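Fit chains X and G to the supplied structure of chain E, relying on the hints for placement.
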Amino acid sequence: MADRTGHEVNETDSARPEQDWPLWEVFVRPHRGLAHTHAGSLHAPDACLALRNARDLFTRRSEGISLWVVPSAAITAVSPDEKDPFFAPAGDKAYRHPTFYDVPEGADHL
Amino acid sequence: MSQPISGPPPMPVTDWLSAQWDDACALDPRGDARPDGGFDDLIAAERKIEPRDQMPSGYRETLIRQLGQHAHSEVVGMQPEAHWIPRAPTLHRKAVLLAKVQDEAGHGLYLYAAAETLGATREDMLAALLAGRQGYLSFINYPTLTWADTAALAWLTDGAAIVNQVPLCQTSYGPYARAMLRVCREESFHHRQGFDSLWVMMRGTAAQREMAADAVARWWYPALAMFGPPDARSTHSAQSMAWRIKRFSNDELRQRFVDVCVPQAELLGVTLPDPAMRWNAERRHYDFTPPDFGELTQVIRGHGPCNRQRLEHRRQVHEEGRWVREAAAEYARKHAMRNGGQDGT
Amino acid sequence: MTGSGYLLSLGDDALIAAQRMTQWCASAPELEEDIALANIALDLLGQARALLSYAGAREGAGRDEDALAFLRDPEEFGNVQLVELPNGDFAVTIAKLLFFSVYQELLYDGLLRSRDSALAGIAGKAVKECAYHVDHAVCWTLRLGDGTAQSHARMSRAVDIIWPYTHALFIADAATAAQAACGVGVDPATLRAPWLDRVRPVFTEAGLDLPEGDWVPLHGRRGEHTESFGLLLTQMQALHRAYPGARW
Numbered sequence: 001m002a003d004r005t006g007h008e009v010n011e012t013d014s015a016r017p018e019q020d021w022p023l024w025e026v027f028v029r030p031h032r033g034l035a036h037t038h039a040g041s042l043h044a045p046d047a048c049l050a051l052r053n054a055r056d057l058f059t060r061r062s063e064g065i066s067l068w069v070v071p072s073a074a075i076t077a078v079s080p081d082e083k084d085p086f087f088a089p090a091g092d093k094a095y096r097h098p099t100f101y102d103v104p105e106g107a108d109h110l
Numbered sequence: 001m002s003q004p005i006s007g008p009p010p011m012p013v014t015d016w017l018s019a020q021w022d023d024a025c026a027l028d029p030r031g032d033a034r035p036d037g038g039f040d041d042l043i044a045a046e047r048k049i050e051p052r053d054q055m056p057s058g059y060r061e062t063l064i065r066q067l068g069q070h071a072h073s074e075v076v077g078m079q080p081e082a083h084w085i086p087r088a089p090t091l092h093r094k095a096v097l098l099a100k101v102q103d104e105a106g107h108g109l110y111l112y113a114a115a116e117t118l119g120a121t122r123e124d125m126l127a128a129l130l131a132g133r134q135g136y137l138s139f140i141n142y143p144t145l146t147w148a149d150t151a152a153l154a155w156l157t158d159g160a161a162i163v164n165q166v167p168l169c170q171t172s173y174g175p176y177a178r179a180m181l182r183v184c185r186e187e188s189f190h191h192r193q194g195f196d197s198l199w200v201m202m203r204g205t206a207a208q209r210e211m212a213a214d215a216v217a218r219w220w221y222p223a224l225a226m227f228g229p230p231d232a233r234s235t236h237s238a239q240s241m242a243w244r245i246k247r248f249s250n251d252e253l254r255q256r257f258v259d260v261c262v263p264q265a266e267l268l269g270v271t272l273p274d275p276a277m278r279w280n281a282e283r284r285h286y287d288f289t290p291p292d293f294g295e296l297t298q299v300i301r302g303h304g305p306c307n308r309q310r311l312e313h314r315r316q317v318h319e320e321g322r323w324v325r326e327a328a329a330e331y332a333r334k335h336a337m338r339n340g341g342q343d344g345t
Numbered sequence: 001m002t003g004s005g006y007l008l009s010l011g012d013d014a015l016i017a018a019q020r021m022t023q024w025c026a027s028a029p030e031l032e033e034d035i036a037l038a039n040i041a042l043d044l045l046g047q048a049r050a051l052l053s054y055a056g057a058r059e060g061a062g063r064d065e066d067a068l069a070f071l072r073d074p075e076e077f078g079n080v081q082l083v084e085l086p087n088g089d090f091a092v093t094i095a096k097l098l099f100f101s102v103y104q105e106l107l108y109d110g111l112l113r114s115r116d117s118a119l120a121g122i123a124g125k126a127v128k129e130c131a132y133h134v135d136h137a138v139c140w141t142l143r144l145g146d147g148t149a150q151s152h153a154r155m156s157r158a159v160d161i162i163w164p165y166t167h168a169l170f171i172a173d174a175a176t177a178a179q180a181a182c183g184v185g186v187d188p189a190t191l192r193a194p195w196l197d198r199v200r201p202v203f204t205e206a207g208l209d210l211p212e213g214d215w216v217p218l219h220g221r222r223g224e225h226t227e228s229f230g231l232l233l234t235q236m237q238a239l240h241r242a243y244p245g246a247r248w
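Those protein sequence lines, which keep their order, are chains E, X and G. Going left to right, the first sequence walks through residues 1 to 110 as the numbering used here numbers them. Going left to right, the second sequence walks through residues 1 to 345 as the numbering used here numbers them. Going left to right, the third sequence walks through residues 1 to 248 as the numbering used here numbers them.
These aren't lab readings, by the way, just hints derived from the structure by calculation. Keep in mind that the hints are not guaranteed to be accurate.
[Said to hold, decoys possible] As a list, the in silico SDA-like pairs of lysine to any residue whose alpha-carbon atoms are at most 25 angstroms apart:
1. G:LYS125 with E:ARG32
2. G:LYS125 with G:GLU59
3. G:LYS125 with E:ARG60
[Stated by the list, open to error] Here are some of the chain X residues that sit facing chain G, going by a computed Cβ distance under 7 angstroms:
4. ALA82
5. ILE85
6. PRO86
7. ARG87
8. PRO89
9. THR90
10. LEU91
11. LEU109
12. TRP147
13. THR205
14. GLN208
15. GLU326
16. ALA327
17. ALA328
18. GLU330
If you're wondering where the values come from, they're calculated on a predicted model, not measured in any experiment. Positions of the beta carbon are idealized from the N, C-alpha and C atoms, including for glycine.
Chain E with its partners taken away, still in its complex shape (with noise of 0.2 angstroms):
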């Protein structure tokens, strides 16, 4: 099987530890009176590290004044090309996944 790179990859090989460090998605609201923004993303164990790595990433500056993490998966999104022009609940996609027109299985792509 390819992994997302298009790699072939042993099934057999150790367990991924990037599963275990997920991704989480960082807002920063930069001064009072503003809304959080997305800044980016990283990867963390759990909550507390992600809030304390994301202190260190994106307000090493004194960026922001607030600031949310957030697990990547557990964020729902729809995006304006779906064919509901209402906007109505499509949005059980992950927020991740693009599309594209195709891949070739088992490719090495790089």
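Just chains X and G now, with coordinates in the frame of chain E:
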């Protein structure tokens, strides 16, 4: 004695570079009020492609590769500088270099995060790096032999990175463009402190001037090589330009870099190691000797002075850190179970 | 009233702790941790620079932060051995960080009331930084102690190695006692009880045992050094010393 000599004048920067930066900052990401079209319409209209948009698989693959290599460059690029932090000649320089290298780790994270929006994982990209399927900028495979190397490296390679990255602030993929804006804001400090460091050395003792001159002579061509092979030999460029991932050609960016550096070198008082370098009034650019592209090919293939050492360090650090990452993951699992799924802070 | 020697001992603690922490750069177990440790190193370096600069000013002999950092010989440094110990593995580093940062936070908190307003000012900034260092060290002590069997074993071993060097943090030599008596400094002996009160619950929660006994290495008092200290200073000072009088 710990303060630098009265500061250098503002660095000369070309109008081209300033204009690129102004354009990037002025760009209204919302674009105009026309409804979104398909991928091709968006590209043609200079709109951004976002993570869940329809996109050709080649566009996605090209971006994963480019983002991965860009991220690897930041992270592996920490190595030539990190070993000088404990040895910095003043506490001020120690702090500045540490802050710079810390920024580079952060840039790597921004770029890995952008790649992850396309479905690549950090672990897979690292595996690709260690297996030689993804690379990183060639200059990182040269050794930093003296303290002056840290200054020359910053002035030249961060300067080259800025020439490459400012146009990338207008790349078509939204997360990449946004990461580039953040990176560019931070990178200017890196470039500036390299220039400052050389400025002070060139006005110091004879031994310092010699060290600085030697470092510049060794880092000039590796910096020039950062812009890749000449356009005629660059296989990926045409498609990248069509997809507006790439905004300017290798040769054009390399020329822009030379034009930026020559006045800065004159101000510093350093000699660039190119006897053919001269202003061409007709072209309105500096003529210069291109880097040895044969050497660049060799270095990209793994035969540079430091390739094996850099990769081995990255591999070793990742291996040695495994027990720590596993401990944190196990702790999180235990506590999630104990708290019935509540992930407390 | 404020002795430069006292300021130097505080500054040397921070400087040497910073120097050790910089050695994790590009080598941390995860990129996010690389950034976090660099933050801590930058904070400690900032504290060192403030304290050394002030010490030089009090001394009045024209020595600035760099003259003090790069031109003193090992026997002239007043730091405790704890901060000069090699980084070891990540568990050893976290054990060192936990013990030292809890001490520093208590120390700087006490120095907020120093009769020397400049020192109180330095402490005001530092105490907030140290609160973050403590938080970071506690997070990791819990995760290593209560993580996997391997991490628990490594953390236990780290604590056993580092513990004997913590006692020197709380010994007041004559100079420090005099500074405390005149209201400038803090008597470190008064810090041990609150230090234990802060550390003990972390250990309990992490499933780690607090070592028994008060074994202290001979010649382990503040200002007396280990073999590794000479190597550390050589690396730190060589370049500066190779270019006497040069500006950078």
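Each hint, compared with the structure:
{"no.": "1", "hint": "G:LYS125 with E:ARG32", "result": "holds (23 angstroms)"}
{"no.": "2", "hint": "G:LYS125 with G:GLU59", "result": "holds (23 angstroms)"}
{"no.": "3", "hint": "G:LYS125 with E:ARG60", "result": "holds (16 angstroms)"}
{"no.": "4", "hint": "ALA82", "result": "holds (4 angstroms)"}
{"no.": "5", "hint": "ILE85", "result": "holds (5 angstroms)"}
{"no.": "6", "hint": "PRO86", "result": "holds (5 angstroms)"}
{"no.": "7", "hint": "ARG87", "result": "holds (5 angstroms)"}
{"no.": "8", "hint": "PRO89", "result": "holds (5 angstroms)"}
{"no.": "9", "hint": "THR90", "result": "holds (5 angstroms)"}
{"no.": "10", "hint": "LEU91", "result": "holds (5 angstroms)"}
{"no.": "11", "hint": "LEU109", "result": "holds (6 angstroms)"}
{"no.": "12", "hint": "TRP147", "result": "holds (6 angstroms)"}
{"no.": "13", "hint": "THR205", "result": "holds (5 angstroms)"}
{"no.": "14", "hint": "GLN208", "result": "holds (6 angstroms)"}
{"no.": "15", "hint": "GLU326", "result": "holds (6 angstroms)"}
{"no.": "16", "hint": "ALA327", "result": "holds (3 angstroms)"}
{"no.": "17", "hint": "ALA328", "result": "holds (5 angstroms)"}
{"no.": "18", "hint": "GLU330", "result": "holds (5 angstroms)"}
Of the numbered hints given earlier, the model fails none.
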